[in-house]
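Given next are the chains, with one letter for each unit.
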Amino acid sequence: MKSNDRNFIKRLKRQEEDALEYVVDHYLPLVKGVVYKVLTPLQQESLLEECMNDVFLSIWENIDQFKGDAIDFRKWVCVIAKYKAIDYYRKAGKSMEVSSEHTGLLVEDSVEEALIQIENHEELLQLINRLDAMDREIFMMKFFLGVKTEDIAARFGLTRAAIDNRIYRGKKKLQQQAMDMKLGGSLV
Amino acid sequence: MKDIYKLLNDVQLDENEFVELEVSDIEKAQMKKQLKQRITKKKKRGNWWGQFAVASLLIGLSGTILGFTFPAQAGSIPIVRDIFKFIDGDRAAFYENYKEFSTAIGLSDESKGIEITMNDAIYDGETMTVTMAIKSKKTLGDQPIFRHTASFKDVDGGTFGLQIKKVDDFNYVGILTAGSFGQASKDMVNFIWKVDKIFIEETNKVINGNWRFAFSIDATEQHTQVVNQSIEQDGVKVTVKQITKTPMSVIVYVKEQIEQQVSEEWDSISLQYSMKDDVGNVYEGESLGGYGEPDDPGVMNTGKTFEKLDERATTLTIVPQLRMLKASANPSEKTESVNALGESVISNATTEVADYKEMTLEPIVIELEK
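Which chain is which? The protein sequence lines are A and B, in order.
1 is the number of the first residue of the first sequence in UniProt numbering; add one for each residue after it.
1 is the number of the first residue of the second sequence in UniProt numbering; add one for each residue after it.
The shape of chain A in the complex, shown without the other chains:
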């Protein structure tokens, strides 16, 4: 049996390789669009390929975490692509020795960068898991997906100030929890 638009998610979950081929055939243009938008300014061809590759591998390895139908799947793919691309961007920026005119692309302010610098995503994730659903989504958008505050505000129908406020309070909460977890003062 071959994968088609009705069964590919099921087949992915069963780790049938042809389902991964189906996903590459149908979602590569989208993944490429997302990854290129973020990483093209770095002008490192190999990074683009590696990142796209990583996106598909993550889909394959984490398909059990996915819930929903083909429409949800499309969204999930976009979000993973964005998450990975930004992760690559940050890592590349970190290891670049020579100053690049593009380094400013995603940098908003140092406190937020510091939050991301928490060595282990796992730890940040543990903390984020303690927030309520809405704050959690705001934090995911802000820190893992690089969404601008204005756009987050639009998404929730709130003002920019309200989002900033929630982020501020959320950060305080995280900071407190980080200290409880003995992560030290790496948040400030």
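Treat the hints with care, since some could be wrong.
[Said to hold, decoys possible] With a Cα cut of at most 25 Å, we get these calculated BS3-like pairs of lysine-lysine:
1) Lys28/B - Lys2/A
2) Lys32/B - Lys10/A
3) Lys36/B - Lys10/A
4) Lys153/B - Lys91/A
5) Lys10/A - Lys28/B
6) Lys37/A - Lys32/B
7) Lys13/A - Lys6/B
8) Lys13/A - Lys33/B
9) Lys37/A - Lys142/A
10) Lys6/B - Lys67/A
11) Lys67/A - Lys142/A
12) Lys326/B - Lys37/A
13) Lys255/B - Lys91/A
14) Lys91/A - Lys197/B
15) Lys326/B - Lys13/A
16) Lys205/B - Lys91/A
17) Lys171/A - Lys32/B
18) Lys36/B - Lys13/A
Calculated directly from the structure, the hints in this document are not laboratory data.
Go by the hints and put chain B onto chain A.
Okay, now just chain B, sitting in the frame of chain A:
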């Protein structure tokens, strides 16, 4: 705890943000091929023993190498074979034939309790690739960053890349590539490499040391076929000038000419090309960089190294693809950031991608000389 991929499930991003880009069949095939390699390797490597065996063999290797200074013996230690592939595991196919034609180097230098040993090197007339083993008394973390300078004697400029991979807390392997496209001698190079700082990310610690290497290496055999076939489209001309076959790779030499009108319209134009043959192989490649021509700013001479050709192939198809990018910069905004070595870096402007376009040119089909 919710896994990051589960959390990403709940995030709703603006759909309009996502734009699809054109993808060729070659790109799809290449992606599938690489993914399959990664998946099967993971399956095979699934057992704990596999990793343990590699690790302990490498400990054995770095332990043994101390005692030898004779290149022949260093080179004959079987695990060295794997450094080319081990390091660049996802693209192992690219390094398929490298070990076979490489020369054993067997040079070591120690500083601050960290010993670096050069194992095997190979030079194809454009790129020198050398593998190394690093043994440290204290751990260097998961991904140590080396500050290094590499050069070919009597050659100005070049491109250099270093990849380091952890084997265990005290052992690392690395692969260094160095090239000076179109400038170094095709027959032989004198190579010099220095490392002065190693940065451990986890602890923010910098180790200042002094590791130096110098050796010369003869190029592998090369066979050049003059091609001079062009394709011209929308103000862009791409010429495949020649292809050079070596025992482990094939190097494609390309000249790109971009009309002023096109280059003025975009901030950045980059040319990529993929290569396939008539028996169904898609080749993986690595760009070599390029050089311009002082009299003609629209001209770039570039090169790309691909994995070894299938002997059954009679034609090669090269598909050039252009990526054009317009950036919107905000020059008044300066940003300061700190790089991996704790040095401050000031960048001039914040940049965002304002427009992006891709254009695939007609393929260039080359009849291979037998």
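Against the structure, the hints come out as follows:
no. : hint               : verdict
1   : Lys28/B - Lys2/A   : holds (18 Å)
2   : Lys32/B - Lys10/A  : holds (19 Å)
3   : Lys36/B - Lys10/A  : holds (19 Å)
4   : Lys153/B - Lys91/A : violated (32 Å)
5   : Lys10/A - Lys28/B  : holds (22 Å)
6   : Lys37/A - Lys32/B  : holds (22 Å)
7   : Lys13/A - Lys6/B   : holds (14 Å)
8   : Lys13/A - Lys33/B  : holds (20 Å)
9   : Lys37/A - Lys142/A : holds (17 Å)
10  : Lys6/B - Lys67/A   : holds (8 Å)
11  : Lys67/A - Lys142/A : holds (23 Å)
12  : Lys326/B - Lys37/A : holds (11 Å)
13  : Lys255/B - Lys91/A : violated (33 Å)
14  : Lys91/A - Lys197/B : holds (19 Å)
15  : Lys326/B - Lys13/A : violated (40 Å)
16  : Lys205/B - Lys91/A : holds (18 Å)
17  : Lys171/A - Lys32/B : violated (41 Å)
18  : Lys36/B - Lys13/A  : holds (16 Å)
In summary, the numbered hints that this structure violates are 4, 13, 15, 17.
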